[in-house]
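Chemist: For reference, the chains in residue letters:
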Amino acid sequence: MKRQSRFVFSMLVFGYAFLYVPLLSVVVYSFNDSKLATIWGGFSTRWYVELLKNDQVISALLLSLKIAISAATLATFFGTMAGIALSRFGRFRGRNLFTGMITSPMVMPEVITGLSLLLLFVTLQQLTGWPSQRGYATITIAHTTFAMAYVAVIVQSRLAAMDQSLEEAAMDLGGHPFRVMIDITLPLILPAMVAGWLLAFTLSLDDLVIASFVSGPGGSTLPMLIFSKVKLGVTPDINALATLIMLFVSAGVLVAWTIGRRMRRP
Amino acid sequence: MSAVTSRRGDIWQRFAVAIPYLWLLVFFLAPFAIILKISVADPVMAQPPFTPAFDDAGGLQISADNYAFLLTDKLYAITYLKSVLMALSATALCLLLGFPIAYGIARAESATRNILLLLIVLPFWISFLLRVYAWMGLLNNYGVINNLLMWLGITEQPIPMMYTDFAIYIGLVYSYLPFMILPLYATLERMNLDLVEAAQDLGATSSRAFWDITWPLARPGVIAGSLLVFIPATGEYVIPYLLGGPESLLIGRVLFDEFFVNRDWPLASAVAIVLVVLVVIPIVLLQRYQAKAAEQTA
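For the protein sequence lines, the chains are A and B, in the order given.
Counting with numbering that gives the first Met the number 0, you get residues 0 to 265 for the letters of the first sequence.
Counting with numbering that gives the first Met the number 0, you get residues 0 to 297 for the letters of the second sequence.
Here chain B stands alone, though its shape is the one from the complex:
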């Protein structure tokens, strides 16, 4: 683009950047500043239920009490740890299940491939809530799976599956599997399959060919898919609420309850800030990978 035209377009360009920019500053960035502000306030019985940042004399009144409480109370540490561990395990399960599926789709004929891809994307368009709900009917003590097992005579008593960690894992893997498969498929589809065949022709075993060729080439997809599953799964609220038991407390649900049930806005804000700190590194990593992938396609 020549210098002359770009100068003429300056006003228009600034306008096109400024409008979405302003929107995001007000409705995405500013809210974080507010969470941060409220997380250092104290809860009071008032509307809104927290102390202002400045007292009547104009002095700054902030306290780190909420953070100190989060760090010293064992329950919160365990909840954070459990949320991260569950999100990690769900990510690993999605990868184990998603990799062969993505591989199979990438290797299918192009007509079948389009249909297979459509069938992966379709559940993503169907309500998330209803997909979790579908499992409630299956995992129930008198649900479809237990009815089937008892009818087959495999078990006499229903096996308790609902309201367990097992049910949460099922829900997480079920809901986030498409997020793993799609980026994996994108890298596997671009991969040159001749490389694998060449390695095998030269005498490599199929597992050797997989670990030396397929896996390294698929790594960008593995990383992108894992981050796309891990980040939202860490703060998941609906799945543990509907499928998990009362003792399976995860941080998303603790935040929700702290806010709506206990009405402790400052503590809920502090819980949110710590959660942001936990996911910010994975988010930055994901953005790096996406920028790199965008450069490669351009």
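So here's chain A without its partners, still in its complex pose:
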């Protein structure tokens, strides 16, 4: 092991403690029997049982999952095309605007993205009658728009690191560019597309602010439901819900990480 200075080492310890102690405290208090969220009243799993009986939570979760799957799939479709265009097509007309529109949604403050999309939907409804109500479809469109940026960047960086000679050889041998794309490029960028899909899925599942803007009455996603409860303070059932979410996410990330490492090994 290369020697770390004592300062760097203690900053590492402090940094990781800072990142993880708050999460651990949520896990610990989710097993607290007391209704008062911060006073320990003995071990219990009753908040988990109550959570599973809560229809509101279940239906919000299902809506969130439905949106996340649709948005991630659309975002992967558009984002992959955009990533290929940016790294393989050289200069084309309007490229600068394209790059700007791809990367801006990643950092744009969420309140702006949310407000602008809501105003678009309201205007569209005035002009065409669609969308007659806001919910699943409008949230999916909003999430697709900001998540495709992440997919495009992942695909683009994968393509940038990849040798173009295979594709060029196939085209020199007479392959149609579209066939070359399907038979050679796509299999090579498949891992990047999977990573992009997963990231888009997580971002969609996580979003609160944009969904709050573009959703209508009755269209409550899981983060929106959590936010409406959390506004009033810490509650034990949200601790239990948070613990379950952290458990699933960590398991998913660990599996993806292990597979990724195994694939990279020759």
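The hints are simulated quantities; they were obtained by calculation from the structure and are not laboratory data.
Since the model is a prediction, treat every value here as computed from it, not as a measurement.
A portion of the hints provided could be inaccurate.
Example chain B residues on the side facing chain A (calculated, C-beta under 7 Å, incomplete) [as the list claims (entries may be wrong)]:
| # | residue |
| --- | --- |
| 1 | Gln12 |
| 2 | Leu121 |
| 3 | Phe127 |
| 4 | Met135 |
| 5 | Ile212 |
| 6 | Thr213 |
Derived lysine to aspartate or glutamate pairs resembling DMTMM-like cross-links, with alpha carbons at most 20 Å apart [stated by the list, open to error]:
| # | chain 1 | residue 1 | chain 2 | residue 2 |
| --- | --- | --- | --- | --- |
| 7 | B | Lys73 | B | Asp256 |
| 8 | B | Lys73 | B | Asp193 |
| 9 | B | Lys291 | B | Glu188 |
| 10 | A | Lys52 | A | Asp236 |
| 11 | B | Lys73 | B | Glu246 |
| 12 | A | Lys230 | B | Asp164 |
| 13 | B | Lys36 | B | Asp55 |
| 14 | A | Lys34 | A | Asp236 |
| 15 | A | Lys230 | B | Asp263 |
| 16 | A | Lys228 | B | Asp256 |
| 17 | A | Lys34 | A | Glu167 |
| 18 | A | Lys230 | B | Asp256 |
Quick look at which bits of chain B chain A covers, simulated, 3 or more residues with Cβ under 8 Å [as the list claims (entries may be wrong)]:
| # | stretch |
| --- | --- |
| 19 | 27 to 34 |
| 20 | 78 to 88 |
| 21 | 151 to 162 |
A virtual CB, placed ideally from N, CA and C, is assigned to each residue, including glycine.
Add chain B to chain A, keeping to what the hints say.
Modeler: Same frame as chain A, now just chain B:
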């Protein structure tokens, strides 16, 4: 690519560009034009609650009233200023905390390094809202930290931390720290550490070696990380709402309330346009740096 094949691929290439392009024009660029349009309308009691751009006679009816109001009302100027200052301070804090961590990760053995990186990325995948929520339980007057302090006898009365600017800073640094660490790590990992050792062998003190060698080499990462923290933090809504007090008004929350509570859509649009103007320069800077970094890896 030869001219012949590229001509054959033309239709397909145009198609592959046109589809995401159209999507972004409709769902990213057009909405900004609409915000701009509504920001020069007047609020009315109607559905939707603003005046149309053309009156019944077909005359243009726009007004700069909303912008004039934003510029003359002190409260808004102070709110913008405070949002930018808080985002800047949070960026500086992230840099102070993130730099040694990124440095430590970059210098670790490759097996440990992968695990350390995974542990930085993991919270990013866990819900943003729940990570902010976790601090509500810690900072409360009867929360974990105050309970611990009182149990240790350090304080008798709980120290008020929740609903203060302190809590907002904690939330900002906590949520955005990974965005600072990852680009810093990327530049520090590529850095040739022999340079630092050589400088020290030649008699440079470690602080001299840091400022003359490590810092300049790490600058692209510092700039990218700072912009990735600063831009979204400026318009942050959830953190000031959940952790901040009623008097700690930040612009993201003002926009949200102006829209949903006061239902003044034109004013909310004007607030958004001014916020866009504030962040557009940092966004362009960030894109320049990312393009440069992409060229270097290619």
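Chemist: Indicate, hint by hint, whether the structure satisfies it.
Modeler: For each hint, the structure was consulted:
no., hint, verdict
1, Gln12, "holds, 6 Å"
2, Leu121, "holds, 6 Å"
3, Phe127, "holds, 6 Å"
4, Met135, "holds, 5 Å"
5, Ile212, "violated, 15 Å"
6, Thr213, "violated, 12 Å"
7, B:Lys73 with B:Asp256, "holds, 18 Å"
8, B:Lys73 with B:Asp193, "violated, 54 Å"
9, B:Lys291 with B:Glu188, "holds, 17 Å"
10, A:Lys52 with A:Asp236, "holds, 11 Å"
11, B:Lys73 with B:Glu246, "holds, 15 Å"
12, A:Lys230 with B:Asp164, "holds, 17 Å"
13, B:Lys36 with B:Asp55, "holds, 17 Å"
14, A:Lys34 with A:Asp236, "holds, 9 Å"
15, A:Lys230 with B:Asp263, "violated, 23 Å"
16, A:Lys228 with B:Asp256, "holds, 18 Å"
17, A:Lys34 with A:Glu167, "violated, 66 Å"
18, A:Lys230 with B:Asp256, "holds, 15 Å"
19, 27 to 34, "holds (count 7)"
20, 78 to 88, "violated (count 0)"
21, 151 to 162, "violated (count 0)"
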